[in-house]
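Q: Here the protein sequences line up with chains A and B, keeping their order. Using full-length UniProt numbering, the letters of the first sequence correspond one by one to residues 1 to 327. Using full-length UniProt numbering, the letters of the second sequence correspond one by one to residues 1 to 257.
Calculated directly from the structure, the hints in this document are not laboratory data. Incorrect hints may have been included.
[To be verified] Calculated pairs, SDA-like style, for lysine to any residue (alpha carbon to alpha carbon, straight line, at most 20 Å):
hint, chain 1, residue 1, chain 2, residue 2
1, B, K233, B, G217
2, B, K233, A, A7
3, B, K233, A, P2
4, B, K116, B, F87
5, B, K116, B, R147
6, B, K116, A, K173
7, B, K116, A, T3
8, B, K116, A, L112
9, B, K116, A, R5
10, B, K116, A, L114
11, B, K233, B, L204
12, B, K18, B, P56
13, A, K173, A, L112
14, B, K116, B, F92
15, B, K116, A, R274
16, B, K18, B, R75
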Amino acid sequence: MPTRRRAFLILAALCLLALASFALALTAGSLRVPPAEILAALFGRGAGAGAGEMVVELRLPRALAGFACGGLLALAGALMQVLLRNPLADPYVLGISGGAGVGAMFAMILGLPLLAVDGLAFAGALAAMFLVFGLAHGDGSWTQTRLLLTGVIVAAGCGALIALMLSLADERKLHGMLFWLMGDLGQTFSWWPALLALGGALLCAMPFARELNLLSRGLMQAQALGVAVDRLRYAIYLLASLATAASVTTAGSIGFVGLVIPHLVRLAIGNDQRLLLPASVLAGGSLLVLADTAARTVIAPQQLPVGVLTALIGVPVFLFLLSRQPK
Amino acid sequence: MSAPLLEARQLSLDIGGKTVVDRLNLNLQPGERLAILGRNGAGKSTLLSTLAGLRPPQAGAVLLDGEDCTLLPPRQAALRRAWLGQFQNDPFGSTVLETALTGRHPHLGRWAWESKRDAELARGALQALGLAGMETRQVHTLSGGERQRLAIATLLTQAATLYLLDEPLSHLDLNHQMAVLELFAGTARDCGAGVVMVLHDPALAHRFCDRALLVYGDGRCEQGTVDTILTAKTLSELYGYGLRQIEDRGQRCFIPE
Numbered sequence: 001m002p003t004r005r006r007a008f009l010i011l012a013a014l015c016l017l018a019l020a021s022f023a024l025a026l027t028a029g030s031l032r033v034p035p036a037e038i039l040a041a042l043f044g045r046g047a048g049a050g051a052g053e054m055v056v057e058l059r060l061p062r063a064l065a066g067f068a069c070g071g072l073l074a075l076a077g078a079l080m081q082v083l084l085r086n087p088l089a090d091p092y093v094l095g096i097s098g099g100a101g102v103g104a105m106f107a108m109i110l111g112l113p114l115l116a117v118d119g120l121a122f123a124g125a126l127a128a129m130f131l132v133f134g135l136a137h138g139d140g141s142w143t144q145t146r147l148l149l150t151g152v153i154v155a156a157g158c159g160a161l162i163a164l165m166l167s168l169a170d171e172r173k174l175h176g177m178l179f180w181l182m183g184d185l186g187q188t189f190s191w192w193p194a195l196l197a198l199g200g201a202l203l204c205a206m207p208f209a210r211e212l213n214l215l216s217r218g219l220m221q222a223q224a225l226g227v228a229v230d231r232l233r234y235a236i237y238l239l240a241s242l243a244t245a246a247s248v249t250t251a252g253s254i255g256f257v258g259l260v261i262p263h264l265v266r267l268a269i270g271n272d273q274r275l276l277l278p279a280s281v282l283a284g285g286s287l288l289v290l291a292d293t294a295a296r297t298v299i300a301p302q303q304l305p306v307g308v309l310t311a312l313i314g315v316p317v318f319l320f321l322l323s324r325q326p327k
Numbered sequence: 001m002s003a004p005l006l007e008a009r010q011l012s013l014d015i016g017g018k019t020v021v022d023r024l025n026l027n028l029q030p031g032e033r034l035a036i037l038g039r040n041g042a043g044k045s046t047l048l049s050t051l052a053g054l055r056p057p058q059a060g061a062v063l064l065d066g067e068d069c070t071l072l073p074p075r076q077a078a079l080r081r082a083w084l085g086q087f088q089n090d091p092f093g094s095t096v097l098e099t100a101l102t103g104r105h106p107h108l109g110r111w112a113w114e115s116k117r118d119a120e121l122a123r124g125a126l127q128a129l130g131l132a133g134m135e136t137r138q139v140h141t142l143s144g145g146e147r148q149r150l151a152i153a154t155l156l157t158q159a160a161t162l163y164l165l166d167e168p169l170s171h172l173d174l175n176h177q178m179a180v181l182e183l184f185a186g187t188a189r190d191c192g193a194g195v196v197m198v199l200h201d202p203a204l205a206h207r208f209c210d211r212a213l214l215v216y217g218d219g220r221c222e223q224g225t226v227d228t229i230l231t232a233k234t235l236s237e238l239y240g241y242g243l244r245q246i247e248d249r250g251q252r253c254f255i256p257e
């Protein structure tokens, strides 16, 4: 029986997890700073104190960007799984990250500055989104299978373009390009657009959460129970795509957060979207902050792309989930 | 007299470019039960979902309580009619009680959560379908017949005044077939609900419905009271197979020749 009380308790616990992940992200690193100094810097009392302020200035934006991207990906993944009514869908399945990747690689080959890389990545993501929508919607049927197939094909096409650009690229640029493709928070331009997008996306999705529950049970069923199915599906497609675009623009294509987090959360607390969506955001954000903290500390001073870590955690978890799925 | 629960005016339906229902007029009063019979692919399900307002007709109109269902907001339509589809699938896990509670959706505000009363209604519906004690079971652990009964319980939870049932007896054993038909007969009698059901057994249609609509699949439809229209002659023509009619204590039975 779904109740508000249970939802509140679970979300409160996840908020604590998120706070803990931030605490770890701020304190862990090559430069050891006492937590008291960090706290003082956080709340602006240690004016000009040096180490504390520096740590907050360097680590906080990165943690915020990581949280926003993890949250966006988890939210987009949960929405895509409802839209395609397929538990194996993830935010990238419809080619959004492929489009963003093509844009970003192109900008990097030309040696454009970071802001232009972000801009072209976002433009690429939007182009892929409209391409898939236009092709899948072409004859008005707009079925899940058609949407999925179109998305997979567009993603494959983008993959080929990316491989082409990688093979033509200058060797000095290759490292940055690979890092972008694997997902990396070290090249983040600024943290607030992603966080803003996360807040906006969650606010847009929550009023429709109960309708999403019905949509996941079938289009006709949902319609019979009073859901304006067509409008809702357009809205989710747009919302999930924009959330994905915001995330890949900020940090490249970080894998597996969008697939594994909604699954893990569903396994733990059930499939009620009213709880699943905000819980996925909190869990996804926390996981990415933790993974990124590991990525920059495990073999410091060398940094790993965080996408590699999430995939390394994600693959075994996902295989485990798959093997214990009923039927 | 008030507007009929359901009315179809000059309704035409195409499937794959072929007209299966041509200018059908139909109306259903409170407390009435109508059976739809026809061969596979004759357009019974298409007709039923069109009557539910789930797909637009090629021509004509469907009225729920006297209002054109294409103009009704989906939520308003869901308060007036409940539709049982032929297929239930659950790609994601869900418990039996959660599934039954989905029927309350049109009654709840955007931010509202299911109340104790909603849960009581859902439990009552589950009990009526013999699913009491299964509230916390996962739906994918149910058998086909149990899943079908859960779908019917969800329909009862929706508490509409018009029930449109597409093969409500599929997967059900004999005992539950009778229980479900008795249940809807009781709902029609006591609550004045209208019931339209697609059935494959003319004998059950004769026993549990007031009227029958025969869909031939070539545009022709015939309707009438069950006594006049469910005869060996019309049914033999409908199914394209000779049937013999046997009367026993006011009930009819049809045996393939």
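Q: If a hint holds in the structure, say so; if it doesn't, say that too.
A: Structure-based check of each hint:
A hinted pair counts as satisfied when its Cα atoms are at most 20 Å apart, and K233(B) with G217(B) qualifies at roughly 18 Å. A C-alpha spacing of about 61 Å is found between K233(B) and A7(A), which places the hinted pair above 20 Å, so the restraint is violated. Between K233(B) and P2(A), the direct Cα distance comes to roughly 54 Å. Violation of the 20 Å bound is thereby established for this hinted pair. Using a Cα cut-off of 20 Å, the hinted pair K116(B) and F87(B) is violated, with the two alpha carbons roughly 29 Å apart.
Of the pairs offered as hints, the one joining K116(B) and R147(B) is violated, with about 24 Å between alpha carbons and a cut-off of 20 Å exceeded. Restraint check: the Cα-Cα separation between K116(B) and K173(A) comes to about 62 Å, which exceeds 20 Å; the hinted pair is violated. A hinted pair counts as satisfied when its Cα atoms are at most 20 Å apart, and K116(B) with T3(A) qualifies at roughly 10 Å. Between K116(B) and L112(A) the CA atoms are separated by roughly 60 Å; this puts the pair beyond 20 Å, and the hint is violated.
Under the criterion of a C-alpha separation no larger than 20 Å, the hint pairing K116(B) with R5(A) is consistent with the structure, at around 13 Å. Proximity of K116(B) to L114(A) is assessed by CA-CA distance (about 55 Å); at most 20 Å being required, the pair is judged violated. For the suggested pair K233(B) and L204(B), the alpha carbons sit about 17 Å apart, so the restraint of at most 20 Å is met. Our distance criterion of 20 Å between C-alpha atoms is met by K18(B) and P56(B), whose separation comes to about 16 Å.
Only pairs whose Cα atoms come within 20 Å are accepted, and K173(A) paired with L112(A) is accepted, the gap being roughly 11 Å. The suggested pairing of K116(B) with F92(B) is violated, with an alpha-carbon distance near 25 Å, which exceeds 20 Å. Between K116(B) and R274(A), the direct Cα distance comes to roughly 18 Å. Compliance with the 20 Å bound is thereby established for this hinted pair. Between K18(B) and R75(B) the CA atoms are separated by roughly 32 Å; this puts the pair beyond 20 Å, and the hint is violated.
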